[in-house]
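Colleague: Letter by letter, the chains look like this.
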Amino acid sequence: MVKEGSLTTNGWMFVVFLVLTITTPINPFINHRYFNILWYAIVALFALWILVRVVFEEEDA
Amino acid sequence: MMGLSSPTFIFGSILVYLAITVWIVSKYRSREDTEEDFYVAGRSVGYIPNSFSIVATVMSGGIYLGTVGWFYLKGVSFLGYGFAYAFMVFPLWYIGKRLWPVGKALNYSTSQDFYGDFYQSDLLRLLGAVGSIIFLIPYFASNAVAMGIILERFAGVPYVWGVLLLLVVGVGYSLWGGMRGVIYTDVFQGALALGFGVVAVFYLLNIAGGFFKVMDALPKTHTHFSPDALSFGLFIGWFIFMVSHPLTFADRMTRIYTIRSLDEFRRNVVLTGAMLLLMVLIFTFLGMVSYIFAGPGQKMDQAILITIQKQAPWLIAWLVVVVWACGMSTLDSGLVGADAMLSKDIIRGYIKKDISQKQSIKVGRWAMIAFGLLAMWIALARPPYVWALVKLVVMFNMQFLPLLIGALYWKRASKLGAEIGWCVGVLVGIGYTWFPSALPPMLINVGGAPAPGFYALVINAILFVAISHVASPLPAEHRGKFEKIWNEKSGQTVTTP
Chain A
1 MVKEGSLTTN
11 GWMFVVFLVL
21 TITTPINPFI
31 NHRYFNILWY
41 AIVALFALWI
51 LVRVVFEEED
61 A
Chain B
1 MMGLSSPTFI
11 FGSILVYLAI
21 TVWIVSKYRS
31 REDTEEDFYV
41 AGRSVGYIPN
51 SFSIVATVMS
61 GGIYLGTVGW
71 FYLKGVSFLG
81 YGFAYAFMVF
91 PLWYIGKRLW
101 PVGKALNYST
111 SQDFYGDFYQ
121 SDLLRLLGAV
131 GSIIFLIPYF
141 ASNAVAMGII
151 LERFAGVPYV
161 WGVLLLLVVG
171 VGYSLWGGMR
181 GVIYTDVFQG
191 ALALGFGVVA
201 VFYLLNIAGG
211 FFKVMDALPK
221 THTHFSPDAL
231 SFGLFIGWFI
241 FMVSHPLTFA
251 DRMTRIYTIR
261 SLDEFRRNVV
271 LTGAMLLLMV
281 LIFTFLGMVS
291 YIFAGPGQKM
301 DQAILITIQK
311 QAPWLIAWLV
321 VVVWACGMST
331 LDSGLVGADA
341 MLSKDIIRGY
351 IKKDISQKQS
361 IKVGRWAMIA
371 FGLLAMWIAL
381 ARPPYVWALV
391 KLVVMFNMQF
401 LPLLIGALYW
411 KRASKLGAEI
421 GWCVGVLVGI
431 GYTWFPSALP
441 PMLINVGGAP
451 APGFYALVIN
461 AILFVAISHV
471 ASPLPAEHRG
481 KFEKIWNEKS
491 GQTVTTP
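Chains as they are written, first to last, in the numbering used here: chain A, 1 to 61; chain B, 1 to 497.
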């Protein structure tokens, strides 16, 4: 996720995942009766997708 | 239907479950008297059993009652727990891809092997091993208490006999089968636990009228995140708590050594992530539907039991078996882990340096019996402080995180920083768990059970980094030994930030 001191695409996507995670309790756009559990599943699947890219595709992985 | 929830059927199900477990151990047990085979399954496990083993070990005895209970109490506000597991697989990969090759090259079987060797620290090796064993025993006992209570309640078996059955069978197959036997029983135990969850969620959601009806019936406190400090603290606190300890817990961390190759580990990490996602969704939904069926005001660990008894009595035997399977999967891994630490880190390290591998395994087997007897004694006496001791298990293991990451990825990581950070972290964690009123208020308090461990971890990490900046780093030649292994495995120069 880091190459020569800079974030790779996967690194940036991981930052997005972290921001989405940490801001979840205060994110007004997702705070809906039907959506919150779905939101968790979407973010976790997004994380899983990044993980697949990191472990199978990154050069230094 | 009544027959399926009768005490006889439930007890019979437990006996069938135990018989299958013992059969699995007889088929897959460690057969060589070498430490590598007995403690880390010969480093030959494929990604599917290893993933099941990680997930089954994460699912301790109380998880189907306690964690589902948290979702019953707090609804989506408890999802910090779930996000933690989505995050945790990343450090699992980055730690594992460096720990696995050094474990293989230098024949490590325990976490203390690495800490003690890398930092050239007797303190981390010895106190780490002694502390891990001391804190694991009440953890075993807490599993036995849960199993004893649930068997008494649902199968009518006296509490004492439930505790005895768990410990005799659990200790028996662990010392017979070693880590290889334990891992393959974890596949069965994990499949039972996840299978139950999927069936229960679909059945209960269906009879509750479906997802939308359940969400409509729940109060806003359960379906919406509340942006107040308390809820945010709950979210962040559990997030940090759940991220940090599976990576450093002595029994779970061993799975990084047991995998066959780094390529298998890649698949292992992804499958583990997927299974943890499924597990969290199961717990979330079961907690939510329990609120509908059991109603508010129940004790958190009773909600799912009441729900299953009322709405799906045909599932109660399966639930009791699952609670047992979760307890046993945690107990067996902990026993082999504690045994390895005693015989390798303590006896070979400090008492009898020339002990042979065969003798070491023999001593370890006796140690497992001793740990089992101690856990049995605690479980039968049920002292009031046992739950505080269990809280300390997680807190204690969390304190290894800064020095673990530092060792693998930070060139300035120093022995002094690791030792002082770890010792202060453990003392602060113990202090705020046991004597919070005698100490000044925590400067960072995320609330609830994770608070002392999290606060101690922050202090530990700050000390580790600050002291390592001014202290002498590890000798270049010593660190070079590890970097060489990492270079060989990755085929390129290792750059440590």
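These are computed hints drawn from the structure, not numbers from a lab. Heads up, some of the hints might be wrong.
Label-pair ranges, simulated between beta-carbon atoms [claimed, not checked]:
#: 1; chain 1: A; residue 1: F29; chain 2: B; residue 2: N487; range: 29 to 37 Å
#: 2; chain 1: B; residue 1: Q359; chain 2: A; residue 2: A41; range: 34 to 42 Å
#: 3; chain 1: A; residue 1: F56; chain 2: B; residue 2: Y203; range: 31 to 39 Å
Below 27 Å or equal to it, Euclidean Cα-Cα: the simulated DSS-like pairs (lysine-lysine) are [unchecked claim]:
#: 4; chain 1: B; residue 1: K220; chain 2: B; residue 2: K104
#: 5; chain 1: B; residue 1: K411; chain 2: A; residue 2: K3
#: 6; chain 1: B; residue 1: K481; chain 2: A; residue 2: K3
#: 7; chain 1: B; residue 1: K484; chain 2: A; residue 2: K3
On a predicted model such as this, the values are computed, not experimentally measured, just so you know. Even glycine gets a Cβ: it sits at the ideal position worked out from N, Cα and C.
Colleague: Given the hinted pair B/K411 and A/K3, is their Cα-Cα distance within 27 Å?
Modeller: 17 Å, holds
Colleague: Would the pair B/K484 and A/K3 pass a check requiring their Cα atoms to be no farther apart than 27 Å?
Modeller: With a Cα-Cα distance of about 20 Å, the restraint between B/K484 and A/K3 holds, given a limit of 27 Å.
Colleague: 34 to 42 Å was suggested as the range; check whether the CB atoms of B/Q359 and A/A41 agree with it.
Modeller: 51 Å, violated
Colleague: Looking only at beta-carbon atoms, does the pair A/F29, B/N487 fall within the given range of 29 to 37 Å?
Modeller: Cβ of A/F29 to Cβ of B/N487: about 46 Å, so the range 29 to 37 Å is violated.
Colleague: Is it true that the CA of B/K481 sits at most 27 Å from the CA of A/K3?
Modeller: Within the cut-off at roughly 24 Å; holds.
Colleague: Per the hint of 31 to 39 Å, is the separation of the Cβ atoms of A/F56 and B/Y203 within bounds?
Modeller: 36 Å, holds
Colleague: So if I understand the rule, the pair passes when the alpha-carbon distance is 27 Å or less; does B/K220 with B/K104 pass?
Modeller: Outside the cut-off at roughly 52 Å; violated.
Hints 1, 2, 4 from the earlier list are contradicted by this structure; the remaining hints agree with it.
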